[in-house]
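S.K.: Each chain, letter by letter, is given below.
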Amino acid sequence: KAGVTQTPRYLIKTRGQQVTLSCSPISGHRSVSWYQQTPGQGLQFLFEYFSETQRNKGNFPGRFSGRQFSNSRSEMNVSTLELGDSALYLCASRLQGAGGELFFGEGSRLTVL
Amino acid sequence: EDKVVQSPLSLVVHEGDTVTLNCSYEVTNFRSLLWYKQEKKAPTFLFMLTSSGIEKKSGRLSSILDKKELFSILNITATQTGDSAIYLCAVEWYSGAGSYQLTFGKGTKLSVIP
Chain A
1 KAGVTQTPRY
11 LIKTRGQQVT
21 LSCSPISGHR
31 SVSWYQQTPG
41 QGLQFLFEYF
51 SETQRNKGNF
61 PGRFSGRQFS
71 NSRSEMNVST
81 LELGDSALYL
91 CASRLQGAGG
101 ELFFGEGSRL
111 TVL
Chain B
114 EDKVVQSPLS
124 LVVHEGDTVT
134 LNCSYEVTNF
144 RSLLWYKQEK
154 KAPTFLFMLT
164 SSGIEKKSGR
174 LSSILDKKEL
184 FSILNITATQ
194 TGDSAIYLCA
204 VEWYSGAGSY
214 QLTFGKGTKL
224 SVIP
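Taken in sequence, the protein lines are chains A and B. Taking this note's numbering, the leading residue of the first sequence gets 1, the next gets one more, and so forth. Taking this note's numbering, the leading residue of the second sequence gets 114, the next gets one more, and so forth.
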């Protein structure tokens, strides 16, 4: 079966712009989580959605937001981009909201100039 | 604050060596500990540990959890260049309202040279 699909894979933005990233989970998975990965901080949790509801949120400013659709696809948005937002954004899905492994996508590499 | 600490942060070994990667944690409402391997982009699942003292094995990789001392180790024997990757440790914990969250360590970057 198809894995977790993230689009776009690479993008370049300038400070002040906004960006929307998309994630399609594995078919049947209802939980989608987003992580930001940088060399200095590792994987940091952004938020998790389950059945269209945000269940958990990490310690990121309000510029970071997300949503989940009825087909479990998820999007995250970052507004008013800053240089420090440059990172690999990883999406992960799993069947339920707890237990078992997370299946990760290839990520979206965001560069902010 | 909950945290997961991995050591060492980076490691360079020669093919054939055995390596031990460490992961210690301080979380409340612990549920499980997971190990992932990240070679290029997408981390891939290695092990999930929930009980102390029970070793999980997959080929040359093995892992064990100590819930009393709050740590886990990942062993790789007879390392190969294909083992070069970032190894991530994550702890799953109950965050309330029926939901669980994972906190990752910063990872150990392993480089295996011929």
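Just so you know, the hints here were simulated from the structure itself, not pulled from any lab data. Be a bit skeptical, because a hint or two may be false.
Straight line, CA to CA, 25 Å or less: simulated DMTMM-like cross-link-like pairs of lysine to aspartate or glutamate [unchecked claim]: (1) K222(B) <-> E139(B); (2) K150(B) <-> D130(B); (3) K150(B) <-> E82(A); (4) K222(B) <-> E75(A); (5) K222(B) <-> E128(B); (6) K57(A) <-> D179(B); (7) K13(A) <-> E101(A); (8) K153(B) <-> E139(B); (9) K170(B) <-> D130(B); (10) K169(B) <-> E139(B); (11) K57(A) <-> E75(A); (12) K154(B) <-> D179(B); (13) K116(B) <-> E152(B); (14) K180(B) <-> E101(A); (15) K169(B) <-> E75(A); (16) K181(B) <-> E101(A); (17) K153(B) <-> E75(A); (18) K222(B) <-> E101(A); (19) K154(B) <-> E82(A); (20) K150(B) <-> E101(A); (21) K13(A) <-> E52(A); (22) K153(B) <-> D85(A); (23) K170(B) <-> E82(A); (24) K180(B) <-> E152(B); (25) K222(B) <-> E106(A); (26) K169(B) <-> E101(A); (27) K181(B) <-> E139(B); (28) K116(B) <-> D179(B); (29) K153(B) <-> E101(A); (30) K153(B) <-> E106(A); (31) K13(A) <-> E75(A); (32) K169(B) <-> E82(A); (33) K116(B) <-> E101(A); (34) K154(B) <-> E106(A); (35) K116(B) <-> D85(A); (36) K150(B) <-> E168(B); (37) K170(B) <-> E101(A).
On a predicted model such as this, the values are computed, not experimentally measured, just so you know.
S.K.: Does each hint hold? Answer for all of them.
M.R.: Tested hints:
1. K222(B) <-> E139(B): Holds, at about 22 Å.
2. K150(B) <-> D130(B): holds, 18 Å
3. K150(B) <-> E82(A): violated, 29 Å
4. K222(B) <-> E75(A): violated, 30 Å
5. K222(B) <-> E128(B): Satisfied, since the Cα-Cα distance of roughly 15 Å is no more than 25 Å.
6. K57(A) <-> D179(B): violated, 29 Å
7. K13(A) <-> E101(A): Violated, at about 32 Å.
8. K153(B) <-> E139(B): Violated, because 28 Å separates the two Cα atoms, which is more than 25 Å.
9. K170(B) <-> D130(B): holds, 18 Å
10. K169(B) <-> E139(B): holds, 22 Å
11. K57(A) <-> E75(A): holds, 14 Å
12. K154(B) <-> D179(B): Roughly 30 Å between the alpha carbons, so the hint for K154(B) and D179(B) is violated.
13. K116(B) <-> E152(B): Within the cut-off at roughly 24 Å; holds.
14. K180(B) <-> E101(A): holds, 19 Å
15. K169(B) <-> E75(A): Distance of about 35 Å is beyond 25 Å: violated.
16. K181(B) <-> E101(A): Measuring from Cα to Cα gives roughly 23 Å; hence the hint holds.
17. K153(B) <-> E75(A): It holds: about 23 Å lies between the C-alpha atoms, which stays within 25 Å.
18. K222(B) <-> E101(A): Holds: K222(B) and E101(A) sit about 21 Å apart, inside 25 Å.
19. K154(B) <-> E82(A): Judged against 25 Å, a Cα distance of about 23 Å means the pair holds.
20. K150(B) <-> E101(A): holds, 13 Å
21. K13(A) <-> E52(A): violated, 28 Å
22. K153(B) <-> D85(A): Judged against 25 Å, a Cα distance of about 20 Å means the pair holds.
23. K170(B) <-> E82(A): violated, 43 Å
24. K180(B) <-> E152(B): violated, 28 Å
25. K222(B) <-> E106(A): holds, 18 Å
26. K169(B) <-> E101(A): holds, 15 Å
27. K181(B) <-> E139(B): holds, 11 Å
28. K116(B) <-> D179(B): holds, 16 Å
29. K153(B) <-> E101(A): holds, 19 Å
30. K153(B) <-> E106(A): Status holds; Cα separation ~8 Å.
31. K13(A) <-> E75(A): holds, 17 Å
32. K169(B) <-> E82(A): Status violated; Cα separation ~43 Å.
33. K116(B) <-> E101(A): holds, 19 Å
34. K154(B) <-> E106(A): Given that 25 Å is the threshold and the Cα spacing comes to 5 Å, the pair holds.
35. K116(B) <-> D85(A): holds, 22 Å
36. K150(B) <-> E168(B): holds, 18 Å
37. K170(B) <-> E101(A): Given that 25 Å is the threshold and the Cα spacing comes to 16 Å, the pair holds.
Hint compliance for this structure: hints 3, 4, 6, 7, 8, 12, 15, 21, 23, 24 and 32 are not met, and every other hint is.
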